[in-house]
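K.L.:
All chains should be modelled from the sequences, with the hints used to inform the complete structure.
Going line by line, the protein sequences match chains A and B.
The numbering of the first sequence is the working numbering, which starts it at 1 and goes up by one.
The numbering of the second sequence is the working numbering, which starts it at 158 and goes up by one.
Because the hints were derived from the structure by calculation, they are not lab data.
Check each hint, because a few of them may be wrong.
[What the hints assert, rightly or not] Taking lysine-lysine and the PhoX-like style, the derived pairs with C-alpha atoms no more than 25 Å apart in a straight line are: (1) A/Lys-8 - B/Lys-228; (2) B/Lys-304 - A/Lys-8; (3) B/Lys-227 - B/Lys-304.
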Amino acid sequence: MTTAIEIKGIAPDKSMETCARQIIVSFYHEMMSHKTGAIEGENIKCVHDMRAASRRLRAAMDNFANCFQKEPFKKHYKQIRTITRTMGAVRDLDVLITRFQNEAQTLTETEQVDIQGLIEHLQQKREAARKPMLALFIELDASDFETQFLTFFEVHE
Amino acid sequence: MAKPHKITGLNPNGSYHENALIILPQKVQEVYSWEQFIHNPEQREELHNMRISIKRLRYTMEFLAINYDKKFHDFLTTLIELQDILGDIHDNDVVLETLTEYKENHETSTLSGIETLIARTRKNRNTDYQTFLKKWEQLSQENFKQKLLEIIAS
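P.N.:
Rendered as C-alpha cells:
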C-alpha cells in the first residue's frame, strides 16, 4: 500500500485555492518521480506508485475543480485520467502475474505446468500493455504537457 | 467504474478548513450511496464502486487531515481496512474472470491447476465477502458514519 506524501505550504487558515494548487502540484511531482522506473519496467513497484500518485492527483482535482477555470482544467484532468488508465492496464497484469506465481508454489508439479502457461500468456499481455504506456510518455514529452500543467496550477501567494 | 460525485458549494476564497467541512460530508455520502447493494454478493460492480468511493474518501481525508486532530486518523485507519477487504474481494473476482476465460480458450487441455485455483479463489472470495459484511455490520452498530460526520464537522 502506498502512503500519502507530506504536502508543504498548506494550512487550515490558508485559502482553498492556494492549498488546492499546492496539493495538485505536489501530487504531480510525486507521480512523475516514478516515471523513469515505470519506463524501465524492471521494478513493478514503480508502475504501482505512479498509478497510485495519479489517483491521489485525480482525487484532488475532482474535489477542487471549482477553484479553476473550466476549460484548461478539463483538458489537464483528461490527460491525468489517461495516465491513470494506461498505467492501470500494466499494473493489473503485474498484480495477476505476481498472484499466480505465488499460488503456483502451493500446487503439484502437474498443476504448476498449467499455471505456468497462464503466466506466460499474461506476460505477453503485459508487454502489449506497456506499449501504449511508453507511447503516452513520449507524447506527453513532445506536447510539453508538464510545462502547461505546472504553469496552469502554479501557486500564486 | 462509477464517476465521482461532483463536489458543490466550494468557496475558493474561503479557508482550507472551511472548505474541508463542505467537501468531506459529500465524499462520505458517495461511499454510503453504495450501501444498498452490499447484501448481494453477486453485485460485483457495485462492491467495486464502493471500494473506489472509499479510496476517494481516504485520499481526500489524507490531504485534508491537517485541519483535524489525531482522532481523525483513527477513522482513516478504519476506512483503509474496509478498502483492503473490498480490494481482496475485487482481486478474487478478477482472478476468477481470468482463470475462467483462460480455461474456456483452452478447452482441449485438462488444466487441473486452473480448476484447483478456481475452486480455491471461489472459497476465498466467499470468506472475504463474509469478513466485509461482518466489519460493515460492526461499524453500523458503532454508528461509524455518524461519528465520522461529527469529527468532520468539528
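K.L.:
All the hints need checking, so say for each whether the structure fits it.
P.N.:
Here is what the structure says about each hint:
Taken as a hint, the A/Lys-8 and B/Lys-228 pair is honoured in the structure, with Cα atoms around 22 Å apart against an allowance of 25 Å. For the hint pairing B/Lys-304 with A/Lys-8, the CA-to-CA distance comes to about 29 Å; that exceeds 25 Å, so the pair is violated. Of the supplied pair hints, the one linking B/Lys-227 and B/Lys-304 holds, its CA atoms being roughly 14 Å apart against a limit of 25 Å.
The earlier numbered hint that this structure contradicts is number 2, and it is the only one.
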